[in-house]
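K.L.:
Residues per chain are reported as follows:
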Amino acid sequence: MQVLFLALGATRRRAVVEETAQVVADGGRAVVLVAAAKPWSRERFHPEVQVVDLSKLEAHGPIRKVERALLFSGPGLVFRALGRGPMKTFARRAGGAYERRIASPVHRALLPRNGEDPAELQQRLIRRQVLAGRPPFDLFVVSDPASMPPAARLLARPAGSDSPAPRVAYRYDYAGSGGPVPRQPAVPALPSSASAAAKESR
Amino acid sequence: MAATPVKDVAIVTPWYPTRDMPFRGAFVQAMVGATAPGCDRVTVYHGDAWVAALSDRDDELVGRAHAELLGLATARTPTVGGAQLRYVPVPIPRGRWHAEIAHRHAATLGAALGGKPIDAPVVHAHVGLPGGWAAIRNARPDARIFVTEHATFLDQVLDTPEARAMYDEVLHRADGFFAVGEAVRAPLLEAFPHHADRITFIANPIDFDVSRPEPVTDLRRWLYVGGLIPRKGVDLLLEAFATCRAEDPTLTLTLVGAGELAGKLSERAAELGVAEAVTQTGALPPDEALRLMREHDLLVHNSRFETFGVTVIEAAAAGMPVLVTRCGGPEETLAGVEESAGELIDVEDTPDVIVAGYRRLRSRFPQQVDLSLARRELAARYSYPSVAQAHHRIWFADAPAAGTSDALSVPAQRS
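Residue numbers (the numbering used here), protein chains in the order written: chain A, 4 to 205; chain B, 1408 to 1822.
In short, the hints are calculated from the structure, not lab data.
For each residue, glycine too, the CB sits at the ideal point set by N, CA and C.
Hints may contain errors.
Claimed, not checked - Mimicking SDA-like on lysine to any residue, the simulated pairs with C-alpha atoms at most 25 Å apart in a straight line are:
hint	chain 1	residue 1	chain 2	residue 2
1	A	K41	B	R1501
2	A	K41	B	R1426
3	B	K1671	A	R16
As the list claims (entries may be wrong) - Take a look, some chain B residues computed to stay more than 10 Å from chain A by CB distance:
hint	residue
4	R1426
5	D1575
6	R1771
7	Q1774
With the rest of the complex left out, here is chain B (with noise of 0.2 Å):
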């Protein structure tokens, strides 16, 4: 007889890399990628929201045709860590808020288990809305529930009072609530006063196992890992570069990513006459954008407005410096580095605060940069290793040593 799973977890989350959208949900791919080989079992629910225009009638034939066909397709297939992917596709129509995803979510993970509930006594869920619902919806009365928050939009979630008063039971139930950094936390504190106590910190893991070749000897290839999407000011940046760009002609900038600017980059690249030293790549899996930051040397990331900021960390985890705004996950990540990692700036409606931070950097590199400092203290907080502990300290508190699973003792969550 089979010996039933010690360490078994179930992952339910509505963001998970796609071919189609292979940045979504890189973050949770990597916890996932970091936890489970120290498990005995790890199930991964992707509930993808496939939302198209369907009226009311169409919207009740599809939700009759999918509960069919969830009973067909039943495929689980191996994904990062030796996990396992179960992918749920949740039709919504188009214009839902969140409350109502988060129910649909919910009832098709149910739908998705045949009715029975998720079969482990671990379940950590991902956004309290909808996956947090999702999981509390459908674990055991037993199971354990785990919720990472990571949304920048958590003023739009919180927006109703039912999505509020759904969140609010999420937390209730979860026994452990984790928010990605203060920028997450602190709205939810100011939501859920009564739950300050139980909404924590718990860091991304980053892969810090490949290094750069060669070390960055000067700053001229730029790189950009992210949307094309006003909200990451990169049209400041481009207009920032092209100010650097005409003090040293050498200089290259490189656009990962894809979004509603991509097209109105390209004209004002022309427009600036430094189309030929801008590259638009579009969309990259992760791996390849990990690639890119190890062929260039420096990140230039101007977001608005960041809940952690992965890519500043990944950036470091390469060996490349980062020129990054204090938008408010990454003055946190890169804490006690700040100067060893790179240059931090501004978030300003211009792109001077780049062009000077880019100067300032420029002026002190490298030798009073140390990104071999900045890469260990951040490997300390953020590498899979660390994480893992982290993860695995609160799900397993209890449970007794499994052959494969380190001891837990490095808790990675930041005070």
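Chain A on its own, in the form it takes in the complex (with noise of 0.2 Å):
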């Protein structure tokens, strides 16, 4: 069984790496999709486990290595150029200030100029990336709540379309067997805080 586990939001990481084990232990192949690889450091995956990390993925395309390479790799270099000796803990700070309060704003400003929405962007990257040019999924399983909305663009499949879909569970050990599951009716949207009645924080 092939199984893509959406981990984006990597909060539950004990179970992503135990369930993928098992995965692997049931003889099956599993994919970890996450978000960065640094909250996961400290974790060890089964070495049959493949982990792609989406924040890499996004920084190959050749647009988005050009931005790095202005915004970040060039004035980083110059920034250490010029930190040596008594000037290394100013230039320290500067950098990093420089890298708050102009990079990383300019490189969100510049997000919305590519003309692509980032779910939209997100999405295609998975499709042709993680998707394409592997064997099908078998199932999806859903591992956080960051997870939720790229898993459900994803899962939207455009109507008459007649390959099968992949099973869906929150978790391994729950997914059940069996082909894919029917879609039951559409249901109304859960509830944000927004409509949730209380509003107190801890």
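Need the complex rebuilt from these two chains, each delivered in its own frame; the hints are there to steer you.
P.N.:
Following this line, the structure appears as structure tokens:
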């Protein structure tokens, strides 16, 4: 069984690590899609589990590479060159301030100018670089809240589509078995904090 | 045409063991394992809180997407006792209070059910908020609803007027409301005196089926099972162990559980010079913890507060003596067999009370400790059959007898 774990929020790391190992133990293949590698740095996946870092996929496009070089890598070199000897502390602080106040806001501002919704871009990356070119996944395991919107987009199927959709589960252990699960009637969106009654914060 | 199940029960719970949280809600799983065999159909709805840092915008997107996904992720999987489990994650932005959490559990369960009510004539929820609230919001109008409260943090739950009003509504709608001990019942009576006659007791079931191969002969291998958190007093336990081990170098201590104190306990064990005698296993599945109980000599439980104290009864079931604090639950659950089961000590912020309790217990062990008697008495109160009968009696008081069900004559409720 080919199983894709969507773990973009990295909030249930232990469950993902253990369940992917279980997929391998069951003779299947597990791919874990993470938003960035850093939150997972202390986790140890089974060697046969493939971990795909979405942030690296995003950085691999030609426009992103140029943008990264101009905004981050190039200025970073300049600050490091300046930061020798007595200027070290000043250059380090100035470099940090530059990234916070200039490079990152410009990076964010450039995203819409690429003409694409970030969510659409993310979905296209996943389709092209994770889903394409490999056997279809039998099961999507949606592992945290942040993974729900991309999972719903990936599973939204155009009318008339006849290819089998993967099954969906929130835990590998609870995926059940058998073929694709028929859709239930549409249900209303769940309430967000706006409609839930209580507003207190801890 | 298939016959409609006669003894059909839905369990609604926010706590149920999972791979990453193997202890959480083990008592709910035990209740399902005890009661399901006497029913025609039992379905467990586990609403698992998935807490994450979410902005209002993200929260909205997650809610919309989750509603779509719930229609796809509909699998039910077998769980204990022949029951079926439907797993329903409940996304919750970090920092929300109990009232909102309960609203979200109710709404998410409703979405998972496709907007239809829970298809069962009996609904038993665990924990007033959020479980009871999710149950009363999603049960059929004609369903009989029961709630068992276990929470050790009722003061926090009832801290806001809205949560208190919601809890009051749960109490009003429920056909039966149970506390697992006086430590739970007392704050409920204080908060809702008008429901005093409706809040009674029910016990958590404990598995007495497996006994240890060899009886305990010496109190050398200490065991602790539970969270490694301040409330459990496990830091004082380690200090006491070091003192006792200075007198008897053959003593060992196994800490089963996980928590914020894990690292500090390792460091402190090294400072005390007992690192080689202390083993931390991390969190283990309940079955594995029970196996360890049969391989150790003494359960030491120094908790500051327990509503029931499942591990204490589990230890007695495993044939091991207990050294346990009078922290709410244990003095009730062990009532009448305290000296047979082991030694009770007061809750104090010093390891000396544990050391003194251990010395007293060791001095009268085994001659003045009757573990067989304690085990027999406790089995009559808390074994699976006893607690199952109590549940079946309240659930199916008016139902016709089903082929697989036992006669329901022995209530396990305590007075």
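K.L.:
Hint by hint, say whether it matches the structure.
P.N.:
Checked hints:
no.: 1; hint: A/K41 <-> B/R1501; in the structure: 21 Å, holds
no.: 2; hint: A/K41 <-> B/R1426; in the structure: 23 Å, holds
no.: 3; hint: B/K1671 <-> A/R16; in the structure: 23 Å, holds
no.: 4; hint: R1426; in the structure: 5 Å, violated
no.: 5; hint: D1575; in the structure: 15 Å, holds
no.: 6; hint: R1771; in the structure: 43 Å, holds
no.: 7; hint: Q1774; in the structure: 46 Å, holds
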